[in-house]
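Based on the hints, put chains B and C in the right spot on chain A.
Below, each chain spelled out in residue letters.
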Amino acid sequence: MLPELGQILLVTALLMALLQTVLPLWGAQRNRAAWMAVARPAAYAQLGLLLGAFAVLTAAFVTQDFSVRYVAENSNSLLPMAYRYSAVWGAHEGSLLLWALVLALWCGAVALWSKRLPAQVAARVLGVLGIISIGFLAFLIFTSNPFARLIPAPLEGRDLNPLLQDPGLIIHPPMLYIGYVGFAVPFAFAIAALLEGRVDARWLRWTRPWTNVAWGFLTLGIALGSWWAYYELGWGGWWFWDPVENASFMPWLAGAALIHSQAVTEKRGSFAGWTLLLAIAAFALSLLGTFLVRSGVLTSVHSFAADPARGTFILIFLALVIGGALLLYVLRAGALGSDDPRRGFMPTSRETLLLANNLLLAAACGMVLLGTLYPLLADALGLGKVSVGPPYFGTLFVVLMAPLVALLPFGPLVNWQRDQASRALAMLAPWAVLAVLLGVIAYFMAPQGALKTAAGVTGAAWVMLGTARFAWTRLRGNGRFTAEMIGMLLGHGGLAVFLAGALLVEALNVQREVAMAPGQTLEIGHYAVRFEGVDHQQGPNYVADRGHVRVRYRDRALALLHPEKRQYASGGQTMTEAGIHARLSGDVYVALGESLGNNAWAVRVHIKPFVRWIWLGALLMALGGFVTAADRRFRRP
Amino acid sequence: MPMPRLSRPPRPDRYRGLRGLVLAALLGLSAVALAQAVSDPTPLQYRNAAEEARFHALAAELRCVQCQNQSLADSNAQIAHDLRREVLVLMQQGNSDAQIKQFLVARYGEFVLYRPVMDARNALLWFGPLLALLGGAGVLAWVVRRRSRQIQPMDDNEARW
Amino acid sequence: MSDPQPTPSRPLPPVAIVIGVLFFFGLLGLMVYGVMKSGAPDRDVLPSALIGKPAPAFELPVLHDPQIRVGSDELRGAPYVLNVWGSWCAACREEHPILTRFAETKRVRVIGYNWKDEPADALRWLEQLGNPFVLVLSDIEGRTAIDWGVTAAPETFLVDGSGVVRWKYSGALTQRVIDTQLVPELEKIERAHADASPVPPAAP
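Chains as they are written, first to last, in my numbering: chain A, 1 to 637; chain B, 1 to 161; chain C, 1 to 204.
Hints were generated in silico from the structure; no laboratory data involved.
Since this is a predicted model, take the numbers as computed values, not measurements.
C-beta atoms are modelled at their ideal positions from N, C-alpha and C, and glycine is treated no differently.
Careful, some of the hints might be misleading.
[Stated by the list, open to error] Listed next, the in silico DSS-like pairs over lysine-lysine satisfying Cα-Cα at most 30 Å (straight line): (1) C:LYS188 <-> C:LYS106; (2) C:LYS53 <-> C:LYS188; (3) C:LYS37 <-> C:LYS53; (4) C:LYS53 <-> C:LYS106; (5) C:LYS37 <-> C:LYS188; (6) C:LYS106 <-> A:LYS385; (7) A:LYS115 <-> C:LYS106; (8) B:LYS101 <-> A:LYS452; (9) B:LYS101 <-> A:LYS385; (10) B:LYS101 <-> C:LYS53; (11) C:LYS37 <-> A:LYS385.
[What the hints assert, rightly or not] Label pairs and their calculated CB-CB ranges: (12) A:ARG556 <-> B:ARG47: 51 to 57 Å; (13) A:ILE316 <-> C:GLU127: 38 to 44 Å; (14) A:ALA109 <-> C:ARG43: 36 to 42 Å; (15) A:ALA517 <-> C:GLU127: 49 to 55 Å; (16) A:GLY324 <-> C:GLY52: 47 to 53 Å; (17) B:PRO153 <-> A:TRP472: 43 to 49 Å; (18) C:HIS64 <-> A:LEU383: 42 to 48 Å; (19) A:SER585 <-> B:GLN152: 49 to 55 Å; (20) C:ARG43 <-> B:GLN152: 40 to 46 Å; (21) C:GLU94 <-> A:HIS548: 40 to 46 Å; (22) C:PRO47 <-> B:ASP119: 16 to 22 Å; (23) B:ARG54 <-> A:LEU2: 57 to 63 Å; (24) A:ALA517 <-> C:GLN175: 51 to 57 Å.
Bound-form chain A, shown alone:
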């Protein structure tokens, strides 16, 4: 009975989405206040209905109603309670419902905080968001119904994929979706601007907070995914350039370009065309990513089960929405750009630097897209089966990002419109020298991977010191920092921390895999890892071989770790749970290999210096996005 209620709620939500779209958009076109006023209540209604539908599906999981096919495929009577809640978004149908719910949450937020917007703008923004809602709700109802029944109901469900039975699943998808889906808001604002035929500073003051918050959440979501993969998959990698990971990284890169382009357009009025295009591109990449992950077009451990029918649906929707947006852009954007002399600038100016920033981020985004789709392209052109993996992405990404890292500290220091190169160079030159010096020292101190270590130290130090130079200049000036400036400091500082972590862990990580009997010790650098044996443990829905590993550092006790090898009852899948001791200076990461008989085991030990800096840096960047959005300038009328 309850699942059918869920279906009714979904259909009603679709009707609300239709109301949210048709009347307000038409009303904005004809300036009919009554029709435009339908947008807000419709958005709230849609949100309420989807919250209800989501609650119904959650209840089905919690009560283990195996007559619902989605529950039967993703749950099991032994599944612990916490994972019954998160299993709701463990597979395609449920995660799509989450997508629709998150979109409805953004619509509700926009409805709530858009009182200052002119009625026409608010109606158009909510209307465009409504179009997206219609698409996803229709997709849910017609091809991916989470409430479909399975008759006769099985006695036992198939179980949630053991890889997903982990706290990471509880937080990573919601954060990721909030960011991913959030780019629909700047997209809607861009369409509204094109429809209205005007982009002014006011428009940007409305759009920028939404964009920064969405980007911040996406940063968090990606970082959480990376952290989760690191400790869950058992071999210590933190980024694999997997197609599904790339699908979330591309909108992030476009979003990073967008937030900077918006800053220029707000303060100087220039690049309006680029800003609108980036807003369309960022959301287009979000939709493309959603398509790639769910259509079965690309092969990945992460992707949902392939279904060409679903793929076709999303593709048509994607083509219509983005094609329509781009058509509108081509027709209307010309009216926005102009050669207004007030917007002119010299080659040495912040405008040029931010244009270069956009170019480099766009090139990186394009490179990731090319690499991800190239195997498919090669197949289509009959060039055979080609693999494109981390060696490609890693190499080209570093090549494209190196100029960006080199130019980054100049951005905040160089003036708008016209500046002298010598001024900024004089301010930053000493810090560049210091950064290089630190790199040279690191080069000679590094036990291995000297060049990468030096590059990491120099790059991170350069960005950090250059950013600090700006803060110092500001302090010596009027000493006032706007939230936007603090956001920038956090964002760029976070990038420096991330850069250090990423390059240093790649350069300095040590990995050994050896056969160990109880009582044996493995020496790695200054660490002594002593294997003390394995015993049996029983979990709620698995049995485990639980290892005891004692780690000492420089002859002082550091940690007692418990790597496990779990066998889950349903399907007998074997999962490796690593034992990790985390410190800011590095992780000790221990995983069990195979049993070798006689109580001996193959044990894999990784020492990963500075790996936590990767996620710390991402956290700082996300915080930067949120702090920027709180700037008072956006609350001006």
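Same frame as chain A, but now just chains B and C:
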């Protein structure tokens, strides 16, 4: 987001034993179904740290031929175990990285390389992004040149930062 | 900076529009191709790198009598089907009846390749299910399988009389695969052989 309150009594303790039995039974069944191929689980023996590092670097560049996008280093598939062993043997026999890659390509095709071959076929892949960057830089130069032709200086009351 | 009506507008450069349109439709086309291909059941299958090339040279013990070793040279002269299997492989069990039915037609030699298996387990498996193979080679370590480009079991190869690999299939054989792929390829071999030499070859 408030969760609906469930009006079910908490699970009584006497079911715990039953759950344990169910668990054991399910595991027993799955153990029977999981016969394993012959495989030597002992870790690979490297002659020195340099060889180990070289091995890991090379294995990361090779693709597991049977998995959904995993490197040879990371995969737990049966064939991945065998191929890792083979790669180490080849390495210890004195083959260079290029020769080992050629050995695997002859047997499994270019699919096994995570770093695509840099030849005419893959020109778009390797040189496309850089060419696009150069093209973009040209556009950028054009835009900057055009914008710098006519400049009306900023007012004092405009945003300074 | 709220502005008055925008100064004379500048339309988008036509070059940009053309590039954009080409890119959009190109990407769309590629996605359509991807969706169409994603429905095919063999989309993840790796095509063999050995097609058209000589089968790898090998010398492996016979399962039923490990003292006897058979080399790749000894198998030349007539085509043969090589089926890679193991007693631990569930899908091999599934294809066994179909393979047996094909072997009974005696159209071509069907040789078994026991991969990464304990000989005792393999012999027991053949006893239980029946032995369709004219000969079973044993590769316990899996070294030679790498030369054949084997990725998983079951896999089946067709090798012609001169020792060239002509066809490979990954996965459990079905009657449909045999009828639509294996037999036509076999016919090609037989026709080429009949054209080349009207005299029947020496028996293997």
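Okay, the hints, checked on the actual structure:
Only pairs whose Cα atoms come within 30 Å are accepted, and LYS188 of chain C paired with LYS106 of chain C is accepted, the gap being roughly 17 Å. Distance hint between LYS53 of chain C and LYS188 of chain C is fulfilled; the C-alpha atoms sit about 16 Å from each other, no more than 30 Å. About 28 Å separates the Cα atoms of LYS37 of chain C and LYS53 of chain C, which keeps this hinted pair within 30 Å; it holds. Between LYS53 of chain C and LYS106 of chain C the CA atoms are separated by roughly 25 Å; this keeps the pair inside 30 Å, and the hint holds.
Restraint check for LYS37 of chain C and LYS188 of chain C: the C-alpha separation of about 28 Å stays at or below 30 Å, so the hint holds. Under the criterion of a C-alpha separation no larger than 30 Å, the hint pairing LYS106 of chain C with LYS385 of chain A is inconsistent with the structure, at around 35 Å. About 82 Å separates the Cα atoms of LYS115 of chain A and LYS106 of chain C, which puts this hinted pair outside 30 Å; it is violated. Straight-line distance between C-alpha atoms of LYS101 of chain B and LYS452 of chain A comes to about 24 Å, which keeps the hinted pair within the 30 Å bound.
At most 30 Å may separate the alpha-carbon atoms for a hinted pair to count; LYS101 of chain B and LYS385 of chain A meet this at roughly 16 Å. Straight-line distance between C-alpha atoms of LYS101 of chain B and LYS53 of chain C comes to about 19 Å, which keeps the hinted pair within the 30 Å bound. Restraint check for LYS37 of chain C and LYS385 of chain A: satisfied, since their Cα atoms lie roughly 14 Å apart, inside the 30 Å limit. Checked against the hint of 51 to 57 Å, the pair ARG556 of chain A and ARG47 of chain B fails, with Cβ atoms roughly 32 Å apart.
Evaluation of the 38 to 44 Å hint for ILE316 of chain A and GLU127 of chain C yields a failure: the beta carbon distance comes to about 56 Å. Here the CB-CB span from ALA109 of chain A to ARG43 of chain C is close to 40 Å, well matched to the stated 36 to 42 Å. At about 39 Å, the beta-carbon gap between ALA517 of chain A and GLU127 of chain C misses the expected band of 49 to 55 Å. In this structure, GLY324 of chain A and GLY52 of chain C meet the distance hint of 47 to 53 Å, their C-beta atoms being roughly 49 Å apart.
Under the hint 43 to 49 Å, the C-beta atoms of PRO153 of chain B and TRP472 of chain A, about 28 Å apart, miss the expected range. Here the CB-CB span from HIS64 of chain C to LEU383 of chain A is close to 45 Å, well matched to the stated 42 to 48 Å. For SER585 of chain A and GLN152 of chain B, the hinted distance range of 49 to 55 Å is satisfied, since their beta carbons lie about 54 Å from each other. Roughly 59 Å separates the CB atoms of ARG43 of chain C and GLN152 of chain B, a value that falls outside the hinted 40 to 46 Å.
Taken as a hint, the range 40 to 46 Å holds for the pair GLU94 of chain C and HIS548 of chain A, whose Cβ atoms sit roughly 42 Å apart. At roughly 19 Å, the beta carbons of PRO47 of chain C and ASP119 of chain B sit within the given window of 16 to 22 Å. About 59 Å separates the C-beta atoms of ARG54 of chain B and LEU2 of chain A, a value consistent with the hinted range of 57 to 63 Å. Between ALA517 of chain A and GLN175 of chain C the beta carbon distance is about 52 Å. The supplied range of 51 to 57 Å therefore holds.
In summary, the structure is inconsistent with hints 6, 7, 12, 13, 15, 17 and 20 from the numbered list given earlier, while agreeing with the others.
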